[in-house]
Amino acid sequence: MTRHLWFLLLAVLGVSGCGLTANQRAATTKFADAATAFGDASANELTKMRDQTVAMNLALYRIPDPPSTKANPNESAAVAYIEHCKKVGHAVVSAGATEKPCEYDNLAADFSGDWFETFLSGPQVMKAYGAALSGIMNADSKDDIKKSSDDLAAALQAIPGSPAANASADAISDLAQQLTELILDNMKAHAIHAVVESTKNTVPIICKTVGDNFSLERDGFAFRFRNTAAQLAIASGQAINANPRDRLARSDSLSGYLLARQNLEEVDTAFPEIQKSAAACVAANTALVNALQNTTFNRHDIEEFYAAALTAASNVGSLKSHTSQN
Amino acid sequence: MPNLSDHDILVALINQTWKLYQQARNPTQQAQLGKQFNDLTVRLGALADSVLDQTQQEYKDAVACVQTATQTVTQAQADEAKVVAAIDQIAQVISALGKLAAMAAA
Chain A
1 MTRHLWFLLL AVLGVSGCGL TANQRAATTK FADAATAFGD ASANELTKMR
51 DQTVAMNLAL YRIPDPPSTK ANPNESAAVA YIEHCKKVGH AVVSAGATEK
101 PCEYDNLAAD FSGDWFETFL SGPQVMKAYG AALSGIMNAD SKDDIKKSSD
151 DLAAALQAIP GSPAANASAD AISDLAQQLT ELILDNMKAH AIHAVVESTK
201 NTVPIICKTV GDNFSLERDG FAFRFRNTAA QLAIASGQAI NANPRDRLAR
251 SDSLSGYLLA RQNLEEVDTA FPEIQKSAAA CVAANTALVN ALQNTTFNRH
301 DIEEFYAAAL TAASNVGSLK SHTSQN
Chain B
1001 MPNLSDHDIL VALINQTWKL YQQARNPTQQ AQLGKQFNDL TVRLGALADS
1051 VLDQTQQEYK DAVACVQTAT QTVTQAQADE AKVVAAIDQI AQVISALGKL
1101 AAMAAA
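Those sequence lines, one after another, are chains A and B.
Following the numbering used here, the numbering of the first sequence begins with 1 at its first residue and continues without gaps.
Following the numbering used here, the numbering of the second sequence begins with 1001 at its first residue and continues without gaps.
So here's chain B without its partners, still in its complex pose (with noise of 0.2 Å):
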């Protein structure tokens, strides 16, 4: 048997008791589960967060990586672009050595 903490067992508990007040037809029977279900409810409502600190933790450290990895791919595209850039310049340089050299053999 698995262990179920208190939440488990509420969380299942308000799955059925939902799933039984979708099936009745008798209105004192919907009456009695929908009360049902809302006292449940405001149970689960009283219980401390089930997200524990160290799950949020991670979450956002996993939210930081994959920023950050957005952050270096952005960088690299933006990297591709001055490859690109670069060789227009050795072009110009080599242009004006060319015209440099024109000029002295002239």
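If we strip away everything but chain A, and leave its shape as in the complex, we get (with noise of 0.2 Å):
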């Protein structure tokens, strides 16, 4: 028996050393919170960004065009937003059920089109996957690991001339649960090993391109939104100079001229931070694979170890000496 539990022992002392290190479990839940913030701001802010899109849209429409511009109609945005949908021979505002709306159609960047879906996936999955690292990371198992233990203690102790008949149940659930906590672990590693080494040159894309399309130095969804808003801001502010009598033209041109205003603040202001959070999502993922690959156990990690050692050996010698006396 004791042999046995010796063996035991040195499969626990085993199976220790495929675990995550320290550094590594740190690095993998930054990389997870780092994924998980990106992707719920980025894909937050694209479907706000498409919803604000079609609302100044549609205030370009009802804005009145300024005088001047009537002669030719390619000189406001609403106007050449009209005549491009009679162009395409889509209805302006009303379509029936089966007719895309043009100003749907129409939007900048084509917020309406597949390969907006297509990138919106983006943030989505890697929020998605930041959220599966943290719940990995983060699952606590010990009370059903505690309970299985104690009822595989307590099914040994009852084999009639069982060795462990007389043996302490607690000894025997303790190294029941570190066991299987340490087999748990290694099942960890390796499946956070596994995954990040085939993500490790795919989520910078990801994160790169949708920082990217947050910058206003390119061409990108941000880039178009920010020019749909100060278009509206330009027309509705020459509309409310140009029709100081006319109520109904005051106030449209009042309302696109504020969402103008309130989408250009958000340019500002959350366009920055997402690309910050881009930034750190790949910085977050070459900490990670750079830490996975230096598997050096660091202070921590030994003391760790060396804690669990002394616990099986306490777990072991508990048990041999009730072994013995039986």
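Read the hints as simulated data drawn from the structure, not as lab findings.
Since we're looking at a predicted model, the values are computed, not measured.
A virtual CB, placed ideally from N, CA and C, is assigned to each residue, including glycine.
Incorrect hints may have been included.
[Said to hold, decoys possible] Derived DEER-like restraints, expressed as beta-carbon distance ranges:
(1) A:273 x B:1068: 26 to 32 Å
(2) B:1106 x A:29: 50 to 56 Å
(3) B:1008 x A:294: 37 to 43 Å
[What the hints assert, rightly or not] Chain B is nowhere near these chain A residues, computed Cβ spacing over 12 Å in every case:
(4) 48
(5) 55
(6) 61
(7) 144
(8) 145
(9) 147
(10) 170
(11) 188
(12) 247
(13) 252
(14) 259
(15) 270
[What the hints assert, rightly or not] A few chain B positions that, by computed beta-carbon distances, are all more than 10 Å from chain A:
(16) 1023
(17) 1026
(18) 1099
Two chains, two frames, some hints: make the complex.
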């Protein structure tokens, strides 16, 4: 019996060497948090951007054109937009059930197109990936493991003539718990090593592409969104000045102007944060990849390993004394 | 000098015009800059989409890869629960064997 227990102890110590180190656990948690935060913020912002673009296109359509532009329809964004709708054969605002309304079909940067849907799925999968990694890192099955180990100890003790019959049930249960937890740590480490290896080059593609699309220095979703807001601000500002006596025109123009200002503020405040979040996600991914490549155990890991070995030895010692009394 | 595409030039011009429009205080100047801004954005809209098919494909592949990784992590967490459940089953088998042994001894 004692020989078997020492074999078990060796197995425990062997398995414990295959789990994640403290640095690796910290890097995984940090990446999971960064991926979740980035995915959540950018997905929300993209959805908001799409909805606000619809609203701004409608506002652009409602505001009256400045008198000077009426001779040349191309001078007004709203009129150019209506002309485009006529050209492509769509209704401008009201459309039948089967026909796509033009204000949705002709959004800046094509927010309604296939590319937008694909693009939006990037932040969504990053959020899900981060949440899954957080879930596995924070999973607490200690209570379940204890119950199973207690049941196992009780079952072993109930066998007539079993060498464990007079052993401490707590010691058997503790040893089973320790072994199970170490096996689970090992499984977790294998899963994390495998997924990070497969995503180490693809995570930066998503984060960088999304981050770039929140930059105003290139032609992307944010740039076109900002342009729509700017067009609305310009057109509504001009319309307010041009229609001082027309209450309805003033009201529509003012609503359009306020909507444009609100969205321009969002561009200035939220978009740089998304870019920072994308960069943080790439950095956390690099740190995680590096941490997983470095399996050197630090002082904290050795202390944990030593504590686990001492507990296991104490449990084996306790079982040994009980079985020899028997 | 870096090679600038029509897109790059238009993006830079639009940004510059918007900056100047925000700084302008004279209504005539504002009107001119506003018109210029609209013209430039209309011209940008007329250009083909700047996002290349290749970039889109690379992005789609990256999304699919992260999706698979997420499923792997979720599966690994489910497997952990299976390990705990397996110990329960072993305990039940041992318990049943113990009862049989006790009956045989009696």
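(message) Could you work out which of the previously given hints the structure breaks and list their numbers from low to high?
(response) Numbers 7, 8, 9, 11, 18 - these are the hints that the structure violates, sorted from lowest upward.
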